[in-house]
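Novice: These protein sequence lines are chains W and A, in that order.
The numbering of the first sequence is numbering that gives the first Met the number 0, which starts it at 0 and goes up by one.
The numbering of the second sequence is numbering that gives the first Met the number 0, which starts it at 0 and goes up by one.
Derived from the structure by calculation, the hints contain no laboratory data.
Please note: incorrect hints may appear among the correct ones.
Unchecked claim - Calculated lysine to any residue pairs in the SDA-like style (CA-CA distance at most 20 Å, straight line):
hint, chain 1, residue 1, chain 2, residue 2
1, A, K23, W, H59
2, A, K32, W, G380
3, A, K32, W, G412
4, A, K23, W, V58
5, A, K32, W, L445
6, A, K23, W, S61
7, A, K42, W, I413
8, A, K42, W, G412
9, W, K57, A, W20
10, A, K32, W, G360
11, W, K438, A, D29
12, A, K33, W, N442
13, W, K438, A, P36
Quick caveat: nothing in here was measured; it's all calculated off a predicted structure.
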Amino acid sequence: MVLKLPKSIGLSQHSAHHYRGKVSLLNHQQNKESQDVSLKKQFDVEEVRKDFPILKRKVHGSPLVYLDSGASAQKPKSVIDTVSRYYSEQHANIHRGVHHLSQEATQAYEEAREVIRGYINAKHSHEVLFTKGTTDGINLVASSFGRKFINEGDEVIVSTLEHHSNIVPWQMICEEKGASLKVIPINQAGELNMEEFKSLLNDRTRLVSVTHVSNSLGTINPVEEMIELSHAKNVPVLLDGAQAVPHKHVDMQALDVDFYVFSGHKLFGPTGVGVLYGKEDLLNQMPPYQGGGDMIEKVTFEKTTYNSLPHKFEAGTPNIVGGIGLGAAVVYFDQFDEKQILDHEQDILAYATDQLSQIEGVKFIGTATEKASVVSFLLEGSHPFDVGTLLDQQGIAVRTGHHCTQPLMDFYGIPGTVRASFAIYNNRADVDALVAGVKRAANMLL
Amino acid sequence: MSTIDDIQNEIIEEFEFFDQWMDKYEYIIDLGKKLAPLNDQFKHDDNLIPGCQSRVWLHAEMENDQVKFTADSDAVITKGIIALLIRVLSNQTAEQISRSELYFIDRIGLKEHLSPTRSNGLVSMVIKIKAIADNLKRYH
Numbered sequence: 000m001v002l003k004l005p006k007s008i009g010l011s012q013h014s015a016h017h018y019r020g021k022v023s024l025l026n027h028q029q030n031k032e033s034q035d036v037s038l039k040k041q042f043d044v045e046e047v048r049k050d051f052p053i054l055k056r057k058v059h060g061s062p063l064v065y066l067d068s069g070a071s072a073q074k075p076k077s078v079i080d081t082v083s084r085y086y087s088e089q090h091a092n093i094h095r096g097v098h099h100l101s102q103e104a105t106q107a108y109e110e111a112r113e114v115i116r117g118y119i120n121a122k123h124s125h126e127v128l129f130t131k132g133t134t135d136g137i138n139l140v141a142s143s144f145g146r147k148f149i150n151e152g153d154e155v156i157v158s159t160l161e162h163h164s165n166i167v168p169w170q171m172i173c174e175e176k177g178a179s180l181k182v183i184p185i186n187q188a189g190e191l192n193m194e195e196f197k198s199l200l201n202d203r204t205r206l207v208s209v210t211h212v213s214n215s216l217g218t219i220n221p222v223e224e225m226i227e228l229s230h231a232k233n234v235p236v237l238l239d240g241a242q243a244v245p246h247k248h249v250d251m252q253a254l255d256v257d258f259y260v261f262s263g264h265k266l267f268g269p270t271g272v273g274v275l276y277g278k279e280d281l282l283n284q285m286p287p288y289q290g291g292g293d294m295i296e297k298v299t300f301e302k303t304t305y306n307s308l309p310h311k312f313e314a315g316t317p318n319i320v321g322g323i324g325l326g327a328a329v330v331y332f333d334q335f336d337e338k339q340i341l342d343h344e345q346d347i348l349a350y351a352t353d354q355l356s357q358i359e360g361v362k363f364i365g366t367a368t369e370k371a372s373v374v375s376f377l378l379e380g381s382h383p384f385d386v387g388t389l390l391d392q393q394g395i396a397v398r399t400g401h402h403c404t405q406p407l408m409d410f411y412g413i414p415g416t417v418r419a420s421f422a423i424y425n426n427r428a429d430v431d432a433l434v435a436g437v438k439r440a441a442n443m444l445l
Numbered sequence: 000m001s002t003i004d005d006i007q008n009e010i011i012e013e014f015e016f017f018d019q020w021m022d023k024y025e026y027i028i029d030l031g032k033k034l035a036p037l038n039d040q041f042k043h044d045d046n047l048i049p050g051c052q053s054r055v056w057l058h059a060e061m062e063n064d065q066v067k068f069t070a071d072s073d074a075v076i077t078k079g080i081i082a083l084l085i086r087v088l089s090n091q092t093a094e095q096i097s098r099s100e101l102y103f104i105d106r107i108g109l110k111e112h113l114s115p116t117r118s119n120g121l122v123s124m125v126i127k128i129k130a131i132a133d134n135l136k137r138y139h
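Could you put together the complete structure from these sequences and hints?
Specialist: Here's what the structure looks like:
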């Protein structure tokens, strides 16, 4: 597979010293139009672990075993350094300043946007909007697209797998407009019922908004097919990519998706920043989401005209360091061959599934054929909270509870699960620690 | 008749036996398993304590001027923690409960060892117990 280079390289070359997070990548690429896999860094989990300083710390006296990357991923040193360097050397407000620092900061911020554009292969960088995160991106679309395109009697389709952030914004706009929310059902394995999906799509459908990868179960949805089916009915599609982008490369043009949202902090970047990709044509038709500075062209008390994309949707001083840090995170993640990352994570997933299944009483929730590296389980006869508490005492960080997917938990008739989510820096030793920890918890609880 | 502080001191002493946190949890789990069951009729929403990751029901009754607490939870560690609270505060007068200062929670390290969600749960339990006592004080 050939990855396209961010087009900003020429731009970046002379300003590389402003944005050192990507210097190494630039050096590799500066004389090439495209970069192929052979140029990618060989993936070695033990080497990767060294890039994440936090993995050296101890929790409750035990070495940290971090299995909660689905909630938030840890940060590589290059991201931490980029953030720290930005504040130490470069910070100023962006876009309006005539002074040097402001221009440097603007350039770094806009270069980050360009790096992200290249990474997700969006056609234009103004289709890449910075947001506060996935939730913010969905709210932006629900509010703005919804205001313009959703009317009384219309329908929006989501799925049983959705995170609350891809349910509630749609409920709010549907309630306001007198539209209704339709839900794609799932089977016991946690896979979407595609026949039901087809029958839900009709002339009243205004948008399909589904998760790319389920945060609670790890199910990878057949998004290509869903986009094709939706487009055949002229229905645009929003994908919640929060749990997809930390594991795989997503290509906006190949997917032909209309909106794609994700969070920076789950992709090894800073918190409080995320991306909403939207097709230019749609974004241009949508009204602004929030009013304020940066999003205007001209303001008078009689009438305000709006700025062009992406600024129209980026009111106020943005999370500048967040955007720049996210750019550095993308550069970090993109240095590895995607297939090697996938192979590694699938190996960890298979190993964890196999090892945990040998513990008496462990019951998996979510057994889809296509799964990202997430294991949700219950220890029969015990509450997820108890298991999580005892794992924590052993330095093992997992997530317990409903994972902000209460309707999904209701489907399974459970209060929640114990979820171990694996990222590029998790190894088989982490799985061994988890298995030993669960065994010890089982001995104490049952 | 032991006072609230007598019982708190007893618990602090018991916890001093454990140097490992896992042993403390083993003890809490054991207390949870042994907690007298709560009649199903009292497991209704009014008795649910908000702010806990697991469900916790707390029921109060007056018996000869004393408040008697019974409780249940679907998580056994939570149940063990509420068993400790009940041991300290049950069978005391509403006035005593309302005036009590629960220093044992900090002293046995429960607060610092419970994550914010869980700690909030513990805080919610205490708030609920005190609210019940205050209420009873007013009407009895």
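Novice: It remains to establish, for every hint, whether it holds in the given structure.
Specialist: Now the hints, each set against the structure:
1. A/K23 to W/H59: Measuring from Cα to Cα gives roughly 13 Å; hence the hint holds.
2. A/K32 to W/G380: holds, 12 Å
3. A/K32 to W/G412: violated, 24 Å
4. A/K23 to W/V58: holds, 17 Å
5. A/K32 to W/L445: Roughly 10 Å between the alpha carbons, so the hint for A/K32 and W/L445 holds.
6. A/K23 to W/S61: Roughly 17 Å between the alpha carbons, so the hint for A/K23 and W/S61 holds.
7. A/K42 to W/I413: holds, 18 Å
8. A/K42 to W/G412: Judged against 20 Å, a Cα distance of about 18 Å means the pair holds.
9. W/K57 to A/W20: Roughly 15 Å between the alpha carbons, so the hint for W/K57 and A/W20 holds.
10. A/K32 to W/G360: Holds, at roughly 19 Å.
11. W/K438 to A/D29: holds, 18 Å
12. A/K33 to W/N442: holds, 17 Å
13. W/K438 to A/P36: Violated, at roughly 27 Å.
In summary, the structure is inconsistent with hints 3 and 13 from the numbered list given earlier, while agreeing with the others.
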